[in-house]
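Engineer: Take a look at the letters that make up each chain.
2 protein chains.
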Amino acid sequence: MAKHEKFSYGVSPGKGKNYVQLSHDAGVEASAIREILSVTQGRPEIISLAGGLPDSGMFESEKFLSILSDLTHGKCLDHKGRKIEAGDLYQYAPSEGVPFFFETLNAWINKTEDFGTLENENLLVISAAQQGLDLFAKAFIDPCREASVIVGAPTYVAELNVLGGRSGNLEIIGIPLDEKGMQVEQIWDLPKEKLAKCKYIYAVPTFDNPAGTELSEKRRKELIDISNEFGIPIIEDEPYACLRYEGKKLHSIMHYDDIGCTVRLQTFSKMAAPGLRLGYMAGSKELVSRIRVMLQSSTLCASSLNQYMLAEFMRRGWLEQYWAKVIPVYRERMNAMLGAMDEHLTPYGSWVKPKGGLFVWLTLNEINGDALFREAIKKNVAIVGGSSFFPPNSDKKLHNSARLNFSKSNPAELRTAIERLGAACAALDKK
Amino acid sequence: MAKHEKFSYGVSPGKGKNYVQLSHDAGVEASAIREILSVTQGRPEIISLAGGLPDSGMFESEKFLSILSDLTHGKCLDHKGRKIEAGDLYQYAPSEGVPFFFETLNAWINKTEDFGTLENENLLVISAAQQGLDLFAKAFIDPCREASVIVGAPTYVAELNVLGGRSGNLEIIGIPLDEKGMQVEQIWDLPKEKLAKCKYIYAVPTFDNPAGTELSEKRRKELIDISNEFGIPIIEDEPYACLRYEGKKLHSIMHYDDIGCTVRLQTFSKMAAPGLRLGYMAGSKELVSRIRVMLQSSTLCASSLNQYMLAEFMRRGWLEQYWAKVIPVYRERMNAMLGAMDEHLTPYGSWVKPKGGLFVWLTLNEINGDALFREAIKKNVAIVGGSSFFPPNSDKKLHNSARLNFSKSNPAELRTAIERLGAACAALDKK
Numbered sequence: 004m005a006k007h008e009k010f011s012y013g014v015s016p017g018k019g020k021n022y023v024q025l026s027h028d029a030g031v032e033a034s035a036i037r038e039i040l041s042v043t044q045g046r047p048e049i050i051s052l053a054g055g056l057p058d059s060g061m062f063e064s065e066k067f068l069s070i071l072s073d074l075t076h077g078k079c080l081d082h083k084g085r086k087i088e089a090g091d092l093y094q095y096a097p098s099e100g101v102p103f104f105f106e107t108l109n110a111w112i113n114k115t116e117d118f119g120t121l122e123n124e125n126l127l128v129i130s131a132a133q134q135g136l137d138l139f140a141k142a143f144i145d146p147c148r149e150a151s152v153i154v155g156a157p158t159y160v161a162e163l164n165v166l167g168g169r170s171g172n173l174e175i176i177g178i179p180l181d182e183k184g185m186q187v188e189q190i191w192d193l194p195k196e197k198l199a200k201c202k203y204i205y206a207v208p209t210f211d212n213p214a215g216t217e218l219s220e221k222r223r224k225e226l227i228d229i230s231n232e233f234g235i236p237i238i239e240d241e242p243y244a245c246l247r248y249e250g251k252k253l254h255s256i257m258h259y260d261d262i263g264c265t266v267r268l269q270t271f272s273k274m275a276a277p278g279l280r281l282g283y284m285a286g287s288k289e290l291v292s293r294i295r296v297m298l299q300s301s302t303l304c305a306s307s308l309n310q311y312m313l314a315e316f317m318r319r320g321w322l323e324q325y326w327a328k329v330i331p332v333y334r335e336r337m338n339a340m341l342g343a344m345d346e347h348l349t350p351y352g353s354w355v356k357p358k359g360g361l362f363v364w365l366t367l368n369e370i371n372g373d374a375l376f377r378e379a380i381k382k383n384v385a386i387v388g389g390s391s392f393f394p395p396n397s398d399k400k401l402h403n404s405a406r407l408n409f410s411k412s413n414p415a416e417l418r419t420a421i422e423r424l425g426a427a428c429a430a431l432d433k434k
Numbered sequence: 004m005a006k007h008e009k010f011s012y013g014v015s016p017g018k019g020k021n022y023v024q025l026s027h028d029a030g031v032e033a034s035a036i037r038e039i040l041s042v043t044q045g046r047p048e049i050i051s052l053a054g055g056l057p058d059s060g061m062f063e064s065e066k067f068l069s070i071l072s073d074l075t076h077g078k079c080l081d082h083k084g085r086k087i088e089a090g091d092l093y094q095y096a097p098s099e100g101v102p103f104f105f106e107t108l109n110a111w112i113n114k115t116e117d118f119g120t121l122e123n124e125n126l127l128v129i130s131a132a133q134q135g136l137d138l139f140a141k142a143f144i145d146p147c148r149e150a151s152v153i154v155g156a157p158t159y160v161a162e163l164n165v166l167g168g169r170s171g172n173l174e175i176i177g178i179p180l181d182e183k184g185m186q187v188e189q190i191w192d193l194p195k196e197k198l199a200k201c202k203y204i205y206a207v208p209t210f211d212n213p214a215g216t217e218l219s220e221k222r223r224k225e226l227i228d229i230s231n232e233f234g235i236p237i238i239e240d241e242p243y244a245c246l247r248y249e250g251k252k253l254h255s256i257m258h259y260d261d262i263g264c265t266v267r268l269q270t271f272s273k274m275a276a277p278g279l280r281l282g283y284m285a286g287s288k289e290l291v292s293r294i295r296v297m298l299q300s301s302t303l304c305a306s307s308l309n310q311y312m313l314a315e316f317m318r319r320g321w322l323e324q325y326w327a328k329v330i331p332v333y334r335e336r337m338n339a340m341l342g343a344m345d346e347h348l349t350p351y352g353s354w355v356k357p358k359g360g361l362f363v364w365l366t367l368n369e370i371n372g373d374a375l376f377r378e379a380i381k382k383n384v385a386i387v388g389g390s391s392f393f394p395p396n397s398d399k400k401l402h403n404s405a406r407l408n409f410s411k412s413n414p415a416e417l418r419t420a421i422e423r424l425g426a427a428c429a430a431l432d433k434k
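In the order they appear, the protein sequences are chains S and Z.
When we follow the numbering used here, the leftmost residue of the first sequence carries the number 4, and every step to the right adds one.
When we follow the numbering used here, the leftmost residue of the second sequence carries the number 4, and every step to the right adds one.
A portion of the hints provided could be inaccurate.
Given that identical chains are not distinguished, each listed pair holds provided it fits within a single copy or across any two copies.
Below 35 Å or equal to it, Euclidean Cα-Cα: the simulated DSBU-like pairs (lysine-lysine) are [claimed, not checked]:
| id | residue 1 | residue 2 |
| --- | --- | --- |
| 1 | K411 | K381 |
| 2 | K224 | K200 |
| 3 | K86 | K66 |
| 4 | K328 | K78 |
| 5 | K83 | K382 |
| 6 | K114 | K195 |
| 7 | K78 | K114 |
| 8 | K78 | K66 |
| 9 | K83 | K328 |
| 10 | K411 | K66 |
| 11 | K9 | K114 |
| 12 | K86 | K328 |
| 13 | K433 | K400 |
| 14 | K328 | K66 |
| 15 | K400 | K200 |
| 16 | K9 | K83 |
| 17 | K83 | K411 |
| 18 | K382 | K328 |
| 19 | K66 | K83 |
I should point out that these hints are in silico values taken from the structure, not numbers from a laboratory.
Work out the full structure, taking the sequences as your base and the hints as a guide.
Structural biologist: Structure, rendered in structure tokens:
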């Protein structure tokens, strides 16, 4: 409606008195991936390897419905053995989490994870890991001072968006990855002034997005040494660790942490369902308590309904059953894609076979990833060019890369998609 | 666990190399209300008038369950007449909202509200109004510059928390309320330098929390004049407008807005259920588009499951049915409390009878609200002292006040609670 459009928010200072200055935080760039996804919308002929979504067809919708039915009809008991009242599902939650979910989660972490016994004050329920990334940046990066943050190069695009929105005085330091993940040993050699202003190190140790790599045990330990030496906290973000298709589970970074410098972020988006918007943050009591207060100002609390449903889902052991269902399916898809890549992409680049997760990272010999995206769309396949995953001012040669997702398409579609991508590479290679 | 506690986050600079400076944003104070609520936990003998929650017993849990059943079994059609797939409920949502919810919401607003036809670009789904308050502050207040924001005195405590966390350079200007709401005409007389750095005016026009007042039509129009004159945007936050117990609905501030200076925030916490964590922001396309990008970094999106369930709830007309159910119950409670106040509190203070909402604001003649809170707890009734609702540096005389909630207790309990509060006032009056 036109009447809402005459008031200018910070775009044209010449417009006179109806001019309002937006804060620099409002300048955050929309994710390139979002724009890429919009190109593919309403074009069913395009096979998309551009997303990063779990397969909707495999969510446990019947199980969640049966849980809501039992919760609504007083058939579920909470952690203290008391009947859960239907009305509680729809009420406000405490900022730290609904007690039933909070206690179920804490018990599950203590049983399942390798970072020892968490006390209640070490744990916070968040509206999925993204909220943790946002609040952590808010807690640690004073936008009015010089600061730096260390991330992988490449790294998770939404963490780059968080950092990009935080401050004009922030340097994002990208540490290159190899087949064993972030080359953390390079951090020792960073200039002292960059380390002195470094607020934290962001790591996705297991089946990195976008690189698909797993950080080696040696490097996990070394991250702790670096953190201890320079007094820099570590965010350990583990969205994909539950999706392991081969190899033995490694210890978490937090497992090696004796001083409490690690903060664990865990979303349930891949462990259960992204639509629930739930995750947790674990760390020192002091930090968790401060972030809880910030969360209260940010969203008050996560959805009670979703917390009750997920708690009961976990209590019934259905989380692990869900993983057991999706893992073979995703493994087959990954292998189908990797086989097709051997056949069609070998002349144009190289890749590390992932042991889990949702992505294969393609390093191209000569072709720019964004150019490949545009050529691939003409051939009805969508990918994400590598440039989206690197901090600003990265070496442009690194943009000869692309992220390929295999979780949304069946093996036949994936083979077709990779064949088309090979044709797109061939077309560019001739130019 | 002790191992997480040795790493110090910004508290004791003397601790050597494991010292990390937290940003000033991390210094946000926990809400005093939270602390008050913790005093009352596990003490069933206390009747609490301290909260602000809808009555859990009245949420439409059976209706929500029937909706989830229909959604899961393919019995619901979206806005384009297509069958909704169960898997979509659990998938990521677009940042602006699940299309089915977004379109249902937009159509509902256009039919129900008085601010004209919204186009899609004017609308954004948020994780309840709190997220809107947080993102709006982030968009408008540059923490590295001088700024001011105008709020009511008293005003919503969680907006004060948002502003308190935003910046050390922010002046919060409180404009006193009378029985017709914020005395907006006083804004004209503010010093020019305060107006020049003013980023927005925050208003809860209908059944204010905590004051219970309704902003008069004259003042709504005057806010638009002020906004136009000084180029200051207005947030119109309307959590309680659906809970009207008497009187005719007034036009929204946005209705009088011809230049697009108003941003509407609307939570569904009182309109349907707080546990869903859903609301919307409506405003100019430019602003909404920027806030959408910030929302993406903050939480990615609101819960898909909850958006589908609420959309179908709205589509079936159950929102209005819910209001029709709760309004007579809350009206009866309010009247019971007001009757008891006439009987027991007349010597100690005065109050404006609200026409809706969840609160009565008690202005005390001589008694400090926090002192009354402490005395009242001894007599097994909990209230919130007025000091929580005023910006820092407000006139301490204003803290002779308290917020009384009537939505969680039945009439008999409310009469007992007010009788006890009268006894607490009497005890303090004698001192």
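Engineer: First find the shortest C-alpha distance between K224 and K200 inside one copy, then the shortest across copies, and answer within, between, both or neither for a cut-off of 35 Å.
Structural biologist: Classified as within: same-chain Cα gap 22 Å, cross-chain 50 Å, threshold 35 Å.
Engineer: State whether the alpha carbon distance between K78 and K114 is at most 35 Å within one copy, between copies, both, or neither.
Structural biologist: within (25 Å within a copy, 40 Å between copies)
Engineer: Pop the pair K411 and K66 into one bin, within, between, both or neither, using alpha-carbon distances up to 35 Å.
Structural biologist: both (21 Å within a copy, 33 Å between copies)
Engineer: With identical chains treated as interchangeable, where does the CA-CA distance between K9 and K114 reach 35 Å or less: within a copy, between copies, both, or neither?
Structural biologist: Between copies only: 24 Å across chains, 58 Å inside a chain, cut-off 35 Å.
Engineer: Within, between, both or neither: how does the pair K86, K328 come out at a Cα-Cα threshold of 35 Å?
Structural biologist: So K86 and K328 pass the 35 Å test inside a copy (31 Å) and across (26 Å) alike.
Engineer: How would you label the pair K400, K200 (within, between, both, or neither) given a Cα cut-off of 35 Å?
Structural biologist: Classified as within; 27 Å inside a copy, 45 Å across copies.
Engineer: Given identical chains, is K83 near K411, meaning Cα to Cα at most 35 Å, within a copy, between copies, both, or neither?
Structural biologist: This pair counts as between: shortest inter-copy Cα distance 24 Å, intra-copy 40 Å.
Engineer: Treating 35 Å as the Cα threshold, decide for K9 and K83: within, between, both or neither.
Structural biologist: between (57 Å within a copy, 32 Å between copies)
Engineer: Under a CA distance limit of 35 Å, which applies to K411 and K381: within one copy, between copies, both, or neither?
Structural biologist: within (20 Å within a copy, 60 Å between copies)
Engineer: Have a look at K114 and K195 and pick one of within, between, both or neither, based on CA distance no larger than 35 Å.
Structural biologist: The answer is neither: 40 Å in one copy and 61 Å across copies each exceed 35 Å.
Engineer: At most 35 Å between CA atoms: does that hold for K86 and K66 within a copy, between copies, both, or neither?
Structural biologist: both (20 Å within a copy, 20 Å between copies)
Engineer: For K382 vs K328, is the C-alpha pair at or below 35 Å within one copy, between two copies, both, or neither?
Structural biologist: Cα proximity of K382 and K328: one copy only (33 Å, versus 57 Å across).
When the structure is compared with the earlier hints, a violation turns up for hint 6 alone.
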